[in-house]
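J.: Need the complex rebuilt from these two chains, each delivered in its own frame; the hints are there to steer you.
Listed in order, the protein sequences are those of chains U and C.
Mapping the first sequence onto this note's numbering, position 332 (from 1) lands on 332, and the numbers just tick up by one.
Mapping the second sequence onto this note's numbering, position 89 (from 1) lands on 632, and the numbers just tick up by one.
If you're looking for bench data, these hints aren't it; they were derived computationally from the structure.
Keep in mind it's a predicted model, so treat the numbers as computed, not measured.
Possibly wrong hints are sitting among the right ones.
Unchecked claim - Some chain U residues judged to face chain C by a derived CB distance under 8 Å, without partners named:
id	residue
1	155
2	209
3	225
4	268
5	426
6	427
For every residue, glycine included, the Cβ atom is placed at its ideal position computed from N, Cα and C.
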Amino acid sequence: MASRDNGMDHRKTSVSRPLTRRELGRRAALAGLTIPGAASLGGMMALAPQRTSAQTAGGSSVWAAESDPVSLDPIVDSGFAATQAFEHSYESLTGYDSNLNIVPALAESWETPDDLTYIFHLRQGVKFHDGSDFTAEDVKYTFDFVIDQDGPAGWRVNFSQVESVEIIDSHTVQFNNNSPFPGLLGAMAILRSSMVVKQGAFETPEVLATSINGTGPYKLVEYVPKDYILYQRNPDYWGNPLPYLDEVTFKILEDEETRIAGLRGGSLDYAALSTDGMLRMEGDSAFTINSAPRSYLYILQLNPRRPHWYHPSVRKAISIAINREEISDKVFSGGLHMSGPIPAGFGDWALPEDEIAAAYSNDLDEARALLAEGGIEEGTELDFVVTAFNQFFPGLAVVVADQLSRVGINVNIRQLETGVFITETSEEGGFNFDMQPNAFSPRHDPDGFVFRFHSDIMMAGSETTLGSDELDDLLVKGRTTIDPALRKEYYDAAQRILLELAPMTWIGNDSVIEAVRTNIQDYTQSPFSRRDWGLKHAWIASE
Amino acid sequence: MSTYLLRRMVQMVPTIIGISILVFGLMRLLPGDIVSLMTNPDNPMPEDQRETLRRMFGLDAPIYVQYWNWASGVLRGDFGISLRMSQPVSELVVQRLGVTLELAVLSVALSTLIAVPLGALAAMRPNGLMATIVQIIGLIGLSFPSFWVATMLLLVTSLYFGWQPQLVWVSPFDDLIGNLEQMLLPVLSLSLGLIAVVMRMTRSAMLETLGQDYVRTARAKGNRERVVIWRHAFKNALIPIITVVGLQIGGLLGGAVVIEQIFGLPGIGWLILNAIYQRDYPVVQGGVLFVALGFLFVNLIVDVLYAVVNPRIRYS
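The shape of chain C in the complex, shown without the other chains (with noise of 0.2 Å):
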């Protein structure tokens, strides 16, 4: 296992170069930077003085002389300086990153929670009350767009309730009822999503391998029902599960921009975007590798519980 580990590892570090590579080099392309959007438009600034900010932030060197000068930082660990924001970028990604992850797991736990007995419930009697009412919910989360139902929850209870958490994000830690309440409309907003797709996954997951000859033989040696469901096909359907909600995690730690937006959440997505926004390519690059390991390790975490799930799959 630990072989495995490590030569999975390793197998990362083509990967996290060729995406440094790629993040550094389109965000150069994008027409304009930091100086340009520096300048008021109805305040132009003179050329000398746009080159002498240039200079300042080291956007007059060769770009491999650039890209050498981040990456070599990286390796140290030294994420380089916000151009525009003048903090460390490893700081801004750390302030953010609470929040993105905080959001990212109390939605996907909430709905795992709910879809997948939901869907393994769909699956028990494919033409019962249950799975028609499945079948509606995951059509209803699927069809609803994140930004929509956001928008809509977001509405009617400012409007009609008159109930709206505090505006200014506060740590779990310093006051957790209030970080909740805060959290709650945008985790309901992700979870609708999320919800269709694990409750589908796990509906067919457990459709197929309720057919399968294992299960037969479960019920033919007379367990009971609960046995043969959760022990015997259950286990076997998670595979799938497991793959689909991963993938989830990983999405939301860079793709839950929307969300956050409409919330004013600070998080990773909105650092990102903002950072793109602006040209400050150091936070832009920082923030995207970042994601992007996050992204590799959710993974890598995935394929080890298959293993932990299924003790046929075993790594040496």
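The following block holds chain U by itself, in its conformation from the complex (with noise of 0.2 Å):
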């Protein structure tokens, strides 16, 4: 694993000078190359809060949020915009710092007696926002609701390799494994269907919906939905002294141009941005803005239930006839860097860029014949579906169809609201498409990119698999190996063989891009899109 080394300084860029988009892209794109595995084993951290600088409490603060969480169920939503809602109250027993580091939260130190068994000492005296006492109780109610098959968590997969929970006394829990899961640290950290909440909850769903009760270092005060989330900072935190902010409003503002309208006219002190409104911010001296590259992956996606589409050598053509620069130049402006299975960001465990590009060849000679050998004949239609669900799909399909046309394909692009695509490209609708972008948001661990092709679990109700063994033997040891380098052999060689075969297409990773007010001091920058670090660690600087 590498080291720390990447502090803020790389990963600053300054926009005092004009840049070019590629050269955004690509200092972007190197910046995070370094970034510590996310499933960094054991490593205890000393990471009590410390005063570098004269940092001061209190103070107010307006930041924006691209998205509604909608429902603040810790449990059954799946989606990535509640946990940037939850995560700065609901806590698990692990973190991760912002370089992705697993930390120790609700959990002071753990320690595991052999390859099955984790045992979590948890830290006395924190508190649920409500007052009452957090104890192993309400670790072990947590988590056997979350693994049970009957229930409605919406990550248990993440979970699928726990098999029981016990408590051993007030403050001390054992998680018995099924098989050696070097990913339980990391699936708690991510904060996926793993908040822990208080014994009870519950029973309650629809409070658990629209309100928290965590231990986290902001209180949720209020949540109006579509249009904002008001924190005030929790005082009996086990943090102390963090956080510093006494209340941070998150201004719900989906469209980017409101937010950049927001930062220009002084009321955001915070937004996420696109590289595009990077661009226009430049030159705004009252705000530093950071990009790094992003574990959020764009990729495309073939039916796997026609079979005349989901050949290998059909599937292998359309990753070579896809121009990923020109999507990132046209459709990114630049922010885009390829990736294969495990996007960069992602800790180490992405392969290496050269060999990526090599599998991304665009030879376009190559690819006509590949789609020949799959009997594609010149000018056959592709139906492409498409939802604006993600701001860049509906010009990632536009840029596909034109590279696409380029060997023969003729793709007709149906844009789809959101509702109708889900219910298309699913069983009800009878999985209508032939191609569909999609995008996968963080992950806990390696496994969570890749495992999804074992041939056990292979594109969920469809009987095709990718039929390869030694493919399905690797990502099987890949989850159940502690020893992260060796981890690190077995992803690399799945990820060389899923290169191979295919069986959807990478496109690239984008860019996690903010701007932050210059007298908002100490917060750092997560490439998973997370904000809790961060804000638990930011002050406000007088001027």
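T.: This is the structure:
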């Protein structure tokens, strides 16, 4: 594992001098290459808050949230916007710092007496926002619900290797796993169906969906859907003196124009931007703009239920025919970083860049030959469904259609409203599409990006598998081996096989770009677009 | 008058029932439901889990049973619970009603105050400079869509003047100045279009009444011009003006969605629109029913006002 040597200096992209779009994208890419692995095991770092300079406590700040959490339900809901809303108020046993190192949260330390067991020593004296004590009972109550096979936990898949949770004493719990489970600490830290709730909380789902009783640094005061989320400092936070700000409002502004207007107009202290927005904010000295590769992976998916498209050589042909650099320039203003199955920005798990580039040769003659081999004739129509669920999808569709026309595929773009799109691309609508774009939000472990290609779970509901025993073997070894170096070998090998088989077309990951008013100090950026660590340590300098 | 009002209210009942069936049915014709939309596309939910959720939301019952459950609830004053936000629909609607009402009332008030005198002035001298100006304003107001005006206002104020009101909506009861600052741009962008409509209506109605015999008679009796214009001509021109203004208020109750979206105002239109995207049936049904009721009442008030401004109209 690489050390934590990439300080913020590298990642701060000064906007005082003009940069070309290409250069911006490259800088963003370079900056993140040495971020340590997301699953560095048992890394017991003493991360007591250090007063490096004279942090001043107090003050209030208005930040922009780019999407509405819709529901605050911590377990059923699977959306990333919800995680971004409750990350300031809920905690799990472990957490991530801004460099994706796993750090202690509700658990002060942990040990692994054998490969199948984790023992967590919980922090003493922690209180929920309602004043009740946090104990081992709450941990067991939460995770019993999460791993319940008949339960509604949206991300129970992350905990499929957990067999049972045992209480040792009031502040010690033991997780018994059915196989060695290196991803457990990450599965907790990522806050997806892993927030610890107070015992009994699941009995009133309507309360759980609209309020938060957590242990985190900020108490949720009010959430008005589509409008704002208001937090107040939790004075009893175990990490005292953190957090520093008294009050933080996240104004929900889905439109980037409005966010930029808010920054310029002085009513916002923080906003996430696209590369385009970053170029437009150039030269505004009131803001520091940081950019780094984000673990957010754009892909194209051929329909596994349509064998003439899901033919191995056709898949490979399309992966070759897609010109990622052009997509980056035309759709993402240069901010997209070419990626294999595991994105850059997700620790050290990605394959070296030149290896990925070699697999994406963009050799159109080869692509045509492969298409012919798969039986796709010149001028064959491809039904490409797309939704504006993600702001870049419609533009992506247009560029992809153009690129595929160069190898003789005639792409028909069907842009659908999100509800219609989800129906059309699922069982209910009969999986009625040839190709669709998708994007994978951050995962807890490299396993989360690639285990979906194992023959047992291949393309839920379809008979199609990749049929590679070697791949299956590597994927199982990867998720059940504790030694990080060995895991890296397995995942490298698995990714090479996947690039060859091209079960989907990986396009690339974009960047997390954030504008922060210069008087906000010590906010650090996370490649997961998480803000909990940054906000917890941020303070307002008086001018 | 009271029997008339009662009759009108009774006549509303079938309209309301019709609307409720229509919105209930239309929502369910849309592909996808709340459960499919809760699914994150990058982490699809297994089918058994979806079934569990559908049962939780009561979406597994036959559609007529669902309608009956909802409609009987509404009769008891229970508009149901939002599927997505877990809050009572009535609470959500009331929360946002203030914003929408304020926006509608301020826009209509501002535009009426500007448009009616201008329209009347233009009618008095149909070939004068004022008439030309009014016609140009009318043309601009009708041609520029409100969303464009809104974006331009937002852009100009924030980019060139660095001015922006608070982002989070404040109630006028907490901070009147802050609230009015927030309302300024939305009201201006809505008003431009309204001014054009009302002004043109005022002008043509006034032109018509000014040519009537009773106006000539009034002049012949030696009345001062001001009395002729405002007491005789304008009062008679009021009926079409009131109709237009009433329609605008009704339309604004549910129709300022785009403006609400651009300025981030949490109003009713926005609530309904997002509920449609989320397939949050109770919120859409409750919201639309509410807006429809509002529209019907505004119409009723307009009809009553006819009698007030024109004594010859008597309801019995």
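J.: Confirm or reject each hint.
T.: Now for the hints, and whether the structure bears them out:
Given the 8 Å rule on beta carbons, the hint for residue 155/U holds: about 7 Å separates it from the nearest Cβ of chain C. Taking 8 Å as the C-beta contact cut-off toward chain C, the hint placing residue 209/U at the interface holds, the least distance being around 4 Å. Given hint, residue 225/U at the interface with chain C, holds; its Cβ is 5 Å from that chain's nearest Cβ, closer than 8 Å. Because the smallest distance between the Cβ of residue 268/U and any Cβ of chain C comes to about 7 Å, under 8 Å, the interface hint for this residue holds.
Satisfaction of the interface hint for residue 426/U is found here, the shortest Cβ-Cβ separation to chain C being roughly 6 Å, below the 8 Å cut-off. Because the beta carbon of residue 427/U sits about 7 Å from the nearest beta carbon in chain C, less than 8 Å, this interface hint is met.
Of the numbered hints given earlier, the model fails none.
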